[in-house]
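Trainee: The chain contents come next:
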Amino acid sequence: MKVPLARIAHCRSGDKGDIANIGVVAREDRYYPVLLREVTTERVKAFFGARVKGRVERYELPNLGALNFLLYEALGGGGAISLRVDAQGKTFGAALLRMEINVDEHEL
Amino acid sequence: MIRIANGQGFWGDWLEAPVRLVEQGPIDYLTLDYLAELTMSILQKQKRKDAALGYARDFPPLVARLAGRIRERGIKVIANAGGVNPVACAHEVRRLAPELKVAVVRGDDVFGRIDELLDRGCEMRNLDNGEPLRKIRDRVLSANVYLGAFPLAEALATGADVVISGRCADAALALAPMIHRFGWRESDWDLLSAGVVAGHVIECGAQCTGGNSQADWRSIPDLANIGYPILEAEPDGTFVVTKHPGTGGRVSAASVKEQLVYEIGDPRRYITPDVVVDFTSIRLDDLGGDRVRISGARGMPRTGSLKVSLSYFAGWKAIGTLVYSWPQALEKARCADGIVRERLRQLGLEFDCIETEFLGVDACHGPAAAPAGDPPEVELRIGVRGQDRAAVERFTRELVPLVLSGPPGATGYGDGRPPVREVVAYWPALVPRAEIEATVEVVE
Numbered sequence: 000m001k002v003p004l005a006r007i008a009h010c011r012s013g014d015k016g017d018i019a020n021i022g023v024v025a026r027e028d029r030y031y032p033v034l035l036r037e038v039t040t041e042r043v044k045a046f047f048g049a050r051v052k053g054r055v056e057r058y059e060l061p062n063l064g065a066l067n068f069l070l071y072e073a074l075g076g077g078g079a080i081s082l083r084v085d086a087q088g089k090t091f092g093a094a095l096l097r098m099e100i101n102v103d104e105h106e107l
Numbered sequence: 000m001i002r003i004a005n006g007q008g009f010w011g012d013w014l015e016a017p018v019r020l021v022e023q024g025p026i027d028y029l030t031l032d033y034l035a036e037l038t039m040s041i042l043q044k045q046k047r048k049d050a051a052l053g054y055a056r057d058f059p060p061l062v063a064r065l066a067g068r069i070r071e072r073g074i075k076v077i078a079n080a081g082g083v084n085p086v087a088c089a090h091e092v093r094r095l096a097p098e099l100k101v102a103v104v105r106g107d108d109v110f111g112r113i114d115e116l117l118d119r120g121c122e123m124r125n126l127d128n129g130e131p132l133r134k135i136r137d138r139v140l141s142a143n144v145y146l147g148a149f150p151l152a153e154a155l156a157t158g159a160d161v162v163i164s165g166r167c168a169d170a171a172l173a174l175a176p177m178i179h180r181f182g183w184r185e186s187d188w189d190l191l192s193a194g195v196v197a198g199h200v201i202e203c204g205a206q207c208t209g210g211n212s213q214a215d216w217r218s219i220p221d222l223a224n225i226g227y228p229i230l231e232a233e234p235d236g237t238f239v240v241t242k243h244p245g246t247g248g249r250v251s252a253a254s255v256k257e258q259l260v261y262e263i264g265d266p267r268r269y270i271t272p273d274v275v276v277d278f279t280s281i282r283l284d285d286l287g288g289d290r291v292r293i294s295g296a297r298g299m300p301r302t303g304s305l306k307v308s309l310s311y312f313a314g315w316k317a318i319g320t321l322v323y324s325w326p327q328a329l330e331k332a333r334c335a336d337g338i339v340r341e342r343l344r345q346l347g348l349e350f351d352c353i354e355t356e357f358l359g360v361d362a363c364h365g366p367a368a369a370p371a372g373d374p375p376e377v378e379l380r381i382g383v384r385g386q387d388r389a390a391v392e393r394f395t396r397e398l399v400p401l402v403l404s405g406p407p408g409a410t411g412y413g414d415g416r417p418p419v420r421e422v423v424a425y426w427p428a429l430v431p432r433a434e435i436e437a438t439v440e441v442v443e
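Heads up: the protein sequence lines correspond to chains B and A, in order.
Following numbering that gives the first Met the number 0, the numbering of the first sequence begins with 0 at its first residue and continues without gaps.
Following numbering that gives the first Met the number 0, the numbering of the second sequence begins with 0 at its first residue and continues without gaps.
Just chain A, same shape as in the assembly (with noise of 0.2 angstroms):
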């Protein structure tokens, strides 16, 4: 049996959370999983600002602070903190913490490839809409393949202290200590299976643990020292779901089960690099004392492509605020609302989007809010999106005045203008998995 923990489930995650991983008991694998979709694009602009950046540099600080625990007992890490510069990534590791050998994972950035791809044949479509990349092209600002668990396993093969990769799927962090330790193959697709559900269920941290769970969310102990996940993998696919003894929150079928559901599409058919994953396959027993075991994932072999994930330059944008406070608090935004559109209207600007929320009445649930009557203060939050960014600098400015010339009762402008912001779109497409080639870098 091998642990394997995940202390982070995004970047931005607790800070504390893979440090009391290792301090709080016993583990063998620590992964951190640092890369959202849009993360690359953030990443890619400070490499092109920076060629020593690109990547999560929250991660070489804390592979420091660590270094002494994980080599005294044997831990690996495994972190997609490359982004789009793992190799500088691991640079940064080894100078703080000299001691550690580290080993990287390539072969995910297909950036400067795209065009050779292209003209191959390789068309790159929108999985989305199924438009062809050509149409933005010249607007791409990062292209990364998500890559499976093999090269993982075999840079922790390599004896690495600390694995480092760029884009991978997330449950691959999870995955690569089981290949390395049990020796799957890539036909164990029952067994890779077992693995994929693993790194689901841990890939978001705490959200496994009673974090974010609605399942009866006031009994949940101490969400303050929650406990980060632990899995306890066999050889035979069979895992226990955990968290070190003493820590807060709750492991139940209830937060396993939440988990299990979160961002998967069509459950008997799961897409990962390494295998396609039935998660109706699974049985899910809850042993008590915060632990969960989940048995019995069947799999079905791979499919010939890779995701690829590109993110495009798709124009400006800005949200502004204001707070209109009782009574009538509702009817004074929409009020305030229809001032702003119609200044817009006059001044003839163009955008693509307009959209206005009113937060304390229904800006998450919409149609579904329950009835909120007269709100003691309603915030009026307006956001406009457009390809001119002078219009949308104009927009900016639209909204502090009603604070004296709109209707009565108008607070929060505090932060005067919102700031306009760029807009970097998510382009998701499939490449032949025959074009892309993943390699292992120990880096010295």
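Extracted from the complex, chain B is given alone in its bound form (with noise of 0.2 angstroms):
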């Protein structure tokens, strides 16, 4: 089944210049494996679509069940360059949580 991240995870998100930052933390222990399946960099890139003209990275904390992103030139040039009304990401975070996944049920 299809559901959106929000149901297995909470993120933050923030800036490194025109880096956008995602932490993706599973709301579960149990939920990591999935988040490790299903929040792919590829998923993440296209979720994003032009957002991100740059690559994306993906870091693994499986101590805290979460997950890190690293969104390159997502932020119009960040810090003081941007025009955007959202120039530090912090909203990115809330964004991913609308990305569907696909789930098996006994895995909620």
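Calculated directly from the structure, the hints in this document are not laboratory data.
Just so it is clear, CB atoms sit at the ideal spot from N, CA and C, and this is done for glycine as well.
Please note: incorrect hints may appear among the correct ones.
Unchecked claim - Looking from chain A toward chain B, a few residues come up when the C-beta cut is under 10 angstroms (computed):
| hint | residue |
| --- | --- |
| 1 | Pro60 |
| 2 | Gln213 |
| 3 | Glu257 |
| 4 | Glu262 |
| 5 | Glu354 |
| 6 | Arg380 |
Please assemble the complex out of the two chains, which come individually in their own frames, going by the hints.
Mentor: Right under this line is the structure:
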């Protein structure tokens, strides 16, 4: 079945220059393997579409049941250069929570 | 065990937070983090206008307000409030609270040494794009190295009540009292890593105690009286994150994990001035009752470089807005955007960037936004950035006329023309550690 990522995870996002970072945290440890399988760099890149001009990197933190994504060239230049309302990527995490993931019922 | 609290996550954070941390329960150290990446350039500008300025001006009156209580209870204050003028900051603290002993950490400011460093072959290439600093040398406004925790610990060792630094790593503010009290050494990589992780958790203030927390935020109690974070740090590097009893917010595995992954890069190699930290090594236990314990941090030797943060003048910008109401609010806003762009083109104005956003539709989330349908209103937000101030100035006159001459239903133009602002950009680079010497000075 398809569910939004929000069902099994919460996020916090921020910036480093023109890079947005999204930390994705499993609501329960048992959801971490689902995050690993479903929340891939390719899908995150596709989900944000033209908003992310550069690459997407993923880092794993199994000890926290969390993933860290770096989205390059995602903030219109970043910092004071950026003309965007969310120049610091504060809302990227919330956006990602809408992404649909595939889960088996027994995994929920 | 020592208690280290953080009462300020950035300059502009809640003014009452540090006062409540002191008043509402026991703490030994009060840290205050004032410096975001671009704060230094603003302070540099202030210092150029008035040599007695260039520091976080909220800080001296705050210390004066707390002076009696911190003296009585032996609480030490550690803050990077010094900005680009820590000595002036210290003098102002002493003027307002003469009974306090104040120590200053210097050595981060290399603005006056840029050419000397360049001449010696330190290129300070931009860490993001590899370009050499010479490209923007004549436009540099400030240059500060991120110092580590050891100079701050040395300042605490003078017996000062208040330690003021300029630029230092955010987490160093919390690591310093651990080094000072527990006698940690420069090669204690695991212990230093524990201190950095602890500092990282509390450096954004209430962001680890339930603020800006997406994990069931509606259920987090009493955000109006949110408790700011307190570390209960042990000499073996384990620590508990908590807050004063009876305060609002929540300290939980969720709130602390969100902060742990906030604004980090590769978690296995989190580079700081004091140590390279492995965030995947830590163990987190939610003890309940707003207490989360973190243990097991591992680290690797520090690198041979320090990060230097330069700011430079990068042109001019202005951002204007208009609000369009239902029906077809988005369509009207798009039409207005087209008119503005056409008029700018006809005027022959050139910009480095024109950015249009539709607030209420997809400004925050872009293509990832939830469908907005036909929203009740949309705010059109157009920003331009360029090297020609006159062109940016001209742009600011192109929005308001649309109220009478564009699509129907425009409002929200009450502030008139938007201001033209200077763009100060950020240039991260590295310098050899050996080039930088921090010093500690007690201000009498």
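Trainee: A separate judgement is required for each hint: does it hold in the structure or not?
Mentor: Tested hints:
Annotation: Pro60(A) was flagged as interfacial toward chain B, and the flag is violated, the nearest CB pair being 27 angstroms apart, outside 10 angstroms. The interface hint given for Gln213(A) is met, as the beta carbon of that residue sits about 4 angstroms from the closest beta carbon of chain B, less than 10 angstroms. Among the interface hints, the one on Glu257(A) holds; its C-beta lies about 4 angstroms from the nearest C-beta in chain B, closer than the 10 angstroms criterion. The interface hint given for Glu262(A) is met, as the beta carbon of that residue sits about 4 angstroms from the closest beta carbon of chain B, less than 10 angstroms.
For Glu354(A), the interface hint holds, the least distance from its beta-carbon to any beta-carbon of chain B being 4 angstroms, beneath 10 angstroms. Contact between Arg380(A) and chain B, as hinted, is supported at the beta carbon level, the nearest pair being about 6 angstroms apart and thus within 10 angstroms.
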